[in-house]
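Novice: Sequence:
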Amino acid sequence: MRTTPHNTPAGRRRWRRIGSAVTATAALLLTGLTTAAHAEATPAAQAAPTKVTWTRSCALPRHTGEMACNALRVTGGLTAFQKQRAERDGSTPKAADASTPSGYGPSDLRNAYGLTSAAASNGTGRTIAIVDAYDDPNAESDLAAYRSHYGLPACTTANGCFEKVSQTGSTTALPTADSGWAGEISLDLDMASAICPNCHILLVEARSATMANLGTAVNEAVSLGARYVSNSYGGGESSSDATYDSAYFDHPGVAITVSAGDGGYGAEYPAASKYVTAVGGTRLSASSTTRGWTESVWQTSSTEGTGSGCSAYDTKPAWQTDTGCAKRVIADVSAVADPATGVSVYDTYGADGQGWATYGGTSASAPIIASVYALAGTPSSGSYPAKFPYTNTSALNDVTSGTNGTCATSYFCTARTGYDGPTGWGTPNGVGAFTG
Numbered sequence: 201m202r203t204t205p206h207n208t209p210a211g212r213r214r215w216r217r218i219g220s221a222v223t224a225t226a227a228l229l230l231t232g233l234t235t236a237a238h239a240e241a242t243p244a245a246q247a248a249p250t251k252v253t254w255t256r257s258c259a260l261p262r263h264t265g266e267m268a269c270n271a272l273r274v275t276g277g278l279t280a281f282q283k284q285r286a287e288r289d290g291s292t293p294k295a296a297d298a299s300t301p302s303g304y305g306p307s308d309l310r311n312a313y314g315l316t317s318a319a320a321s322n323g324t325g326r327t328i329a330i331v332d333a334y335d336d337p338n339a340e341s342d343l344a345a346y347r348s349h350y351g352l353p354a355c356t357t358a359n360g361c362f363e364k365v366s367q368t369g370s371t372t373a374l375p376t377a378d379s380g381w382a383g384e385i386s387l388d389l390d391m392a393s394a395i396c397p398n399c400h401i402l403l404v405e406a407r408s409a410t411m412a413n414l415g416t417a418v419n420e421a422v423s424l425g426a427r428y429v430s431n432s433y434g435g436g437e438s439s440s441d442a443t444y445d446s447a448y449f450d451h452p453g454v455a456i457t458v459s460a461g462d463g464g465y466g467a468e469y470p471a472a473s474k475y476v477t478a479v480g481g482t483r484l485s486a487s488s489t490t491r492g493w494t495e496s497v498w499q500t501s502s503t504e505g506t507g508s509g510c511s512a513y514d515t516k517p518a519w520q521t522d523t524g525c526a527k528r529v530i531a532d533v534s535a536v537a538d539p540a541t542g543v544s545v546y547d548t549y550g551a552d553g554q555g556w557a558t559y560g561g562t563s564a565s566a567p568i569i570a571s572v573y574a575l576a577g578t579p580s581s582g583s584y585p586a587k588f589p590y591t592n593t594s595a596l597n598d599v600t601s602g603t604n605g606t607c608a609t610s611y612f613c614t615a616r617t618g619y620d621g622p623t624g625w626g627t628p629n630g631v632g633a634f635t636g
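Quick note, my numbering runs 200 ahead of the 1-based positions in the sequence shown.
Be aware that a few hints might be false.
The calculated lysine to aspartate or glutamate pairs, modelled on DMTMM-like cross-linking and capped at a C-alpha distance of 20 Å, are [unchecked claim]: (1) 587 x 450; (2) 516 x 450; (3) 251 x 297; (4) 587 x 598; (5) 527 x 450; (6) 251 x 287; (7) 587 x 522.
Between beta-carbon pairs, the in silico distance windows are [to be verified]: (8) 608 x 443: 25 to 33 Å; (9) 492 x 276: 21 to 29 Å; (10) 515 x 618: 18 to 26 Å; (11) 357 x 618: 41 to 49 Å.
Just so you know, these hints were derived from the structure itself, not from any lab.
Cβ coordinates follow ideal geometry from the N, Cα and C atoms, glycine included.
Using the sequences and the accompanying hints, generate a full structural model.
Specialist: This is the structure in structure tokens:
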């Protein structure tokens with residue numbers, strides 16, 4: 201498992217080549233930043249190094265059919281949250297401080313996406329499934345630390361809220377532990393908690409990062425009753441994708457979300473599956489607007505940013521009516537993913553797990569959207585929830601600025617009014633776009 205930064209252009213290009221070739225309210229107030237940012241930073245904030253650096257959590261794919269998780273852990277610089285906190289209280293922020301949260305917390309995310317009321321009232325009795333590879337031995341204890349810090353209700357095995365199983369459903373015969381995927385797991389569990397604190401959480405761990413094993417874990421999650429399934433991984437497209445679609449992702453009545461990728465413009469699978477909600481990534485910043493937040497397409501460089509694109513293999517779903525691509529276009533909707541405006545996560549397993557960290561990548565946006573579906577209600581039997589945002593576009597924040605690369609058809613990689621590839625129809629503005 202690598203622990204050095206992979207966010208160099210060469211490292212990102214290498215991943216792209218491999219991918220295409222191998223185919224309680226007090227706690228919230230203390231750490232939340234739901235008010236708009238001040239216009240000027242304090243001297244303390246200005247004095248600290250500000251450029252955000254990050255590293256990939258998971259190893260790059262090495263074999264055909266392997267997937268990489270899309271979690272990016274901040275290793276240096278000051279995040280948007282830290283700068284805003286310094287402006288508010290005059291503190292001197294510390295880069296990559298593991299002792300305290302340095303990214304957006306639950307109250308920030310709910311405020312940004314109009315979910316404060318729904319999160320307080322909805323979700324009881326609903327189960328969000330998180331599908332990842334390998335085991336995180338500290339998943340439950342780290343989840344408890346995150347939820348306790350932010351004043352969220354306990355979610356444990358003992359109280360029936362949390363369950364961890366293998367891809368076969370075993371609670372004891374779990375996969376080999378992996379430090380990088382443990383960071384991904386913590387990110388996913390924490391985002392589900394942040395958006396839907398009343399939901400139950402089912403963690404299904406695949407024995408490896410192959411599409412076959414991860415797909416088997418998706419099927420297991422559905423068989424165990426989850427109606428919302430988050431997947432924060434991807435790889436290059438292949439001619440096998442149609443087979444994977446029918447084998448793993450064709451689950452009517454289940455909202456399945458998949459991250460669009462972190463390598464900039466270019467289609468990934470399983471985000472390209474016609475049965476899933478493909479989730480792009482944005483840069484989220486507090487502002488003095490009526491909403492209190494602004495968003496643009498997340499792009500750090502030409503090879504670092506949200507994925508998007510026109511699939512080479514997957515059939516276009518009936519509800520996707522853009523005319524520039526004869527097949528499936530990625531994405532459908534989006535949420536925060538820029539590490540510089542990232543989210544707080546608590547992880548203690550392995551070399552990467554030092555306590556509090558800020559994470560970005562579309563691995564953050566996928567579980568956020570899965571959890572919004574959970575707040576919105578249970579999808580009707582026989583429905584494909586990926587369709588819902590297309591019939592309720594007015595209940596989304598339209599992201600109209602930014603690009604994630606260069607493409608021949610502008611909207612595949614550049615934001616515009618209405619639908620575009622990098623952000624889909626936009627980000628949540630309440631739950632209205634996620635109901636059938």
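Novice: Evaluate each hint against the coordinates.
Specialist: Okay, the hints, checked on the actual structure:
Restraint check for residue 587 and residue 450: satisfied, since their Cα atoms lie roughly 13 Å apart, inside the 20 Å limit. Annotation: proposed proximity of residue 516 to residue 450 holds, straight-line Cα distance about 14 Å (limit 20 Å). Restraint check for residue 251 and residue 297: satisfied, since their Cα atoms lie roughly 15 Å apart, inside the 20 Å limit. Taking the CA atoms of residue 587 and residue 598, the gap is about 17 Å. The hint holds against a cut of 20 Å.
Under the criterion of a C-alpha separation no larger than 20 Å, the hint pairing residue 527 with residue 450 is consistent with the structure, at around 17 Å. Pair hint residue 251 plus residue 287 holds up; C-alpha atoms about 17 Å apart against a cutoff of 20 Å. Between residue 587 and residue 522 the alpha-carbon distance is near 14 Å, which keeps this suggested pair within the 20 Å criterion. Distance hint for residue 608 and residue 443: a CB-CB separation of about 29 Å, consistent with the stated range 25 to 33 Å.
In this structure, residue 492 and residue 276 meet the distance hint of 21 to 29 Å, their C-beta atoms being roughly 28 Å apart. Evaluation of the 18 to 26 Å hint for residue 515 and residue 618 yields a pass: the beta carbon distance comes to about 23 Å. Evaluation of the 41 to 49 Å hint for residue 357 and residue 618 yields a pass: the beta carbon distance comes to about 45 Å.
When each numbered hint is compared with the structure, no violation occurs for any of them.
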